[in-house]
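Modelling step: build the complete structure from the supplied sequences, incorporating the hints.
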Amino acid sequence: MTPIESPEGTRSARFEAGYRDLYAPVSAYVLRRLASPEEAAEVVAETFLTLWRRFDEAPGGEALRPWTYGVARRVIANHLRGERRRDALAERLSTDFAQVTAQLPDPAQAVAEAARVRDALAQLSDTDQELLRLVAWEGLTTDELAVALNIRAAAARLRLHRARRRLRAALNDEPRGKRGTTDGQVSERRETTSGSRATEGAS
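Taking this note's numbering, the leading residue of the sequence shown gets 13, the next gets one more, and so forth.
Just to be clear, a hint being listed does not mean it is correct.
What follows is a list of derived Cβ distance ranges for each label pair [said to hold, decoys possible]:
#1 R93 <-> R128: 50 to 56 Å
#2 R32 <-> E54: 16 to 22 Å
#3 E125 <-> L92: 47 to 53 Å
#4 A25 <-> R104: 47 to 53 Å
FYI, nobody ran anything at the bench for these hints, they're computed from the structure. Even glycine gets a Cβ: it sits at the ideal position worked out from N, Cα and C.
In structure tokens, the structure reads:
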């Protein structure tokens, strides 16, 4: 006696027969509409997965082929919509990223500026360098600087002012000769003043 085949067995056999008949033409249909074989393979797989899930709704015989083309067409449309959404999102993210990075400082410029400050700082005396580092790196206020240096706050402010002025001059690449001449003129005026006072005292 021939065993009675189960409905599920009949369904599987019919699907396998349809898969064998339709895989090549459906693949060709999809390949003609998509840009790459990889995308086509994904769409074909999704098409036959949908066909399996909805096989009870599918017509039999020759009508199965155009019905499956209809499934493939909808899968292709969904795929292309997804591609467009991804492209639009990528473009938006790229635009947003460009706007953000345009507002950020150039790393190369930051490195160059740091080297410029370091070179300028190296031209100062050790005392000036220590003053500026305590304020810029350690975050000390003028009053705290005075405590650290064991001097009056007014003296700390004056020393810091002079150190900053000399650093600005170094950053502006002011010629050393000019700075030396200025310092010499100041010294000369001080010596002249001191000499005059000494002369007045002697008289």
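Now for the hints, and whether the structure bears them out:
1. In this structure the supplied range 50 to 56 Å holds for R93 paired with R128, their Cβ-Cβ distance being about 53 Å.
2. At roughly 21 Å, the beta-carbon separation of R32 and E54 lies within the given 16 to 22 Å, and the hint holds.
3. Distance hint check: the CB atoms of E125 and L92 are about 49 Å apart, consistent with the given range 47 to 53 Å.
4. In this structure the hint that A25 and R104 lie 47 to 53 Å apart at CB holds, the actual value being about 49 Å.
Hint violations for this structure: none, all hints satisfied.
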